[in-house]
Amino acid sequence: MKEDIIKMEHGAGGELMEGLINSSILDNLRNNSAGGIGLEELDDGGTIPLGDRHLVFTTDSHVVKPLFFPGGNIGKLAVSGTINDLSVMGAKPLALTCSLVIEEGFSVEKLDEIISSMNEVSENSDVPIITGDTKVLAKEELDDVVINTAGIGITKQPISDCNLKEGDKLVLNGSIGDHGLSIMSFREGFTFESNLESDVQPLNKLIRECLDTGGVRAMKDPTRGGLANTLNEMASKSDKGILIEEEKIPINKGVRSAGDILGIDPLEVANEGKVVMVIENGFEDEIIEIMNNYCSNNCEPAVIGEVIDEEKGNVVLKTEVGGKRYVEAPVGDPVPRVC
Amino acid sequence: MDKEKLADKFSKKIKEITPSREVRAIHICGTHEQAITQYGLRSLLPDNFDLTMGPGCPVCVTPAREVDEAIELAKQGVTIATFGDMLNVPGSEESLSDARSEGADVRVVYSINEALKIAKDVEELVFFGIGFETTAPTNAAILKSNPPENFYILSSHRLIPPAMELLVDMDVNFDGFIAPGHVSTIIGKEPYEVFANKYDVPTIITGFEPLDILFGVLKFFEQIDSGETKVENAYERAVRDKGNQKAQKMMTEVFEVFDAKWRGIGEIPNSGLKLSDEFREFDARENFEIELGESRDIHPGCKCHLILTARGTPEDCGLFGDECTPQDPHGPCMVSDEGECNIWFRYGRRPKMDI
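Protein sequence lines, in the order shown, are assigned to chains A and B. Reminder that position 292 of the first sequence reads as 291 in numbering that gives the first Met the number 0, one-by-one numbering, no gaps. Reminder that position 307 of the second sequence reads as 306 in numbering that gives the first Met the number 0, one-by-one numbering, no gaps.
Hints may be right or wrong, so weigh each one.
Which chain A residues face chain B? A few, computed with CB under 7 angstroms, are given here [as the list claims (entries may be wrong)]:
1) Glu-310
2) Glu-319
3) Gly-321
4) Arg-324
5) Glu-327
6) Val-330
These are computed hints drawn from the structure, not numbers from a lab. We put the beta carbon where it would ideally sit given N, CA and C, even for glycine.
With the hints as constraints, model all of the structure from the sequences given.
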């Protein structure tokens with residue numbers, strides 16, 4: 000069903016957004032492939048074959064409220080997000096762009112802080128930001144600031160988010176829900192858990208090392224729509240089932256209680272420093288070890304489930320009592336129940 | 000033994016004694032439905048067993064007319080305090096949330112105590128008192144402890160056993176009740192005796208942990224198997240036979256039982272609580288002029304009333320999941336955390352799977 004106007008849910012990474020992309024973008028933008036992975040594949044980026052290599056190209060516009068949140072700010076998010084999009088395609092990120100759209104009246108001090116954060120992430124991950132653009136819009140034509148970063152990377156073999164095979168293991172590099180729930184709690188004015196903070200971080204080095212093992216079949220970063228959305232996308236694109244075990248999914252205590260209070264499922268909120276890898280059976284211990292080496296505090300990489308031949312296109316959750324239910328792709332951005 | 004092994008043990012025992020015919024039990028409570036769906040318990044139960052939800056969603060059964068009353072009061076400039084679930088429930092035309100967008104003072108609270116605090120800062124405060132036997136005693140206790148003069152209750156409390164009796168009278172086909180643990184901690188075992196004695200319907204008082212529910216279902220099947228019908232307490236760690244007599248006394252002192260309407264279901268004898276004459280000074284209906292037009296319980300296409308009386312599931316509704324979502328609810332069952340549509344939407348709508 001095609002709607003007349005764009006609603007907030009259209010941008011929330013769920014089924015509504017998928018509908019919009021199919022009907023308004025893919026149906027109209029038909030010149031959409033450069034010979035490699037094109038727009039229609041709806042992957043984290045597109046590819047351009049170049050001799051025996053592939054250039055990987057991606058872009059993302061970043062908006063976040065609040066601009067500064069526990070664990071980071073919009074600048075850190077904008078650089079990490081694009082680095083991660085390239086990395087989950089299997090590419091070594093080469094360079095980024097930075098386009099700023101700023102509202103009239105925005106504080107220069109805040110802007111400096113945001114740009115410094117961008118530089119810090121760029122230096123730590125060895126991905127330079129080599130070109131950019133800056134626009135200022137009149138007051139109220141925009142809320143604060145929007146940052147677009149595009150990124151280019153290179154790889155011998157792009158990794159896609161499909162091609163799952165029966166028996167493959169699903170591995171997650173740490174706890175989920177931290178980014179989404181820390182931002183939501185912060186917005187709602189809840190201060191019940193001081194240790195609740197965003198997991199935003201660049202993952203290129205971790206992913207590179209995992210790829211070098213040769214055991215990574217597919218991967219994806221569970222950003223908008225969370226783990227629930229990511230797994231559903233992987234299952235439906237590969238036409239395989241995914242079976243995950245509730246007890247094995249790492250969720251921090253603070254995230255769980257914030258989720259309970261706000262009525263939000265941690266599986267459905269964004270992560271900004273997490274990757275789900277589909278690993279060829281037998282490689283999972285090696286991958287977990289690498290992930291452990293990249294862990295800061297409070298992070299537990301885990302094998303959370305496996306690819307199955309039954310229930311094609313579906314994600315099945317085995318609960319702590321052994322019951323089974325489906326994990327649905329969320330329809331809109333989760334809304335806390337109190338507002 | 001870990002939970003999974005215990006659950007497996009219950010599941011096997013249940014399957015061993017399940018007759019080959021179709022068997023159906025009705026559980027009453029949204030909290031039960033939430034646990035059953037969230038923990039995937041239906042996948043552990045026999046295929047020929049249907050465990051379906053009844054009317055135990057307080058927000059869902061509050062008639063549109065009573066939501067309209069709250070909206071009308073809010074529009075008169077009175078501050079309304081209500082549980083978050085109630086905010087987005089459509090009344091006849093609009094919701095409290097709509098009224099709030101138009102400038103009315105509607106506050107979301109987690110308890111009546113929070114509402115009392117707000118009363119200190121506003122001219123007049125009406126607490127929209129919804130809920131079953133679990134919330135009514137707390138509200139009664141507040142009224143007995145000299146609340147401020149500007150504090151009123153708009154009572155929409157309902158009682159569970161009369162609604163269960165309606166299901167029996169309605170000829171909804173079923174073999175037994177899984178009775179709600181929370182309500183039973185207040186009312187005890189006695190109010191359910193009628194189901195076993197008069198109607199020959201096994202009734203099992205059941206807790207809310209996934210293992211409690213499997214245990215309750217096992218007790219139900221044991222009665223089906225033996226042919227003996229009784230009220231059984233499978234939640235002994237919380238429910239006493241006589242219930243919480245202090246809470247019961249509190250309720251009878253402050254409230255009077257009356258024939259109340261349930262949303263989309265109609266009037267059920269002796270199923271509601273209104274403030275007794277002694278407490279009329281706190282009764283919003285006695286102290287404000289509330290003039291309302293016709294009310295409308297069921298919005299076009301919505302099957303909430305059928306779902307609440309175990310005559311349908313969310314999947315029987317054409318709106319479910321497409322036009323009707325928690326973001327854009329057409330009926331109360333999709334709004335409330337305790338509504339079956341909302342629960343199925345969040346935790347997977349299709350209970351059968353092929354693994």
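Comparing the hints with the structure gives:
1. Glu-310: 6 angstroms, holds
2. Glu-319: 6 angstroms, holds
3. Gly-321: 4 angstroms, holds
4. Arg-324: 4 angstroms, holds
5. Glu-327: 6 angstroms, holds
6. Val-330: 5 angstroms, holds
Every hint from the earlier list agrees with this structure, and none is contradicted.
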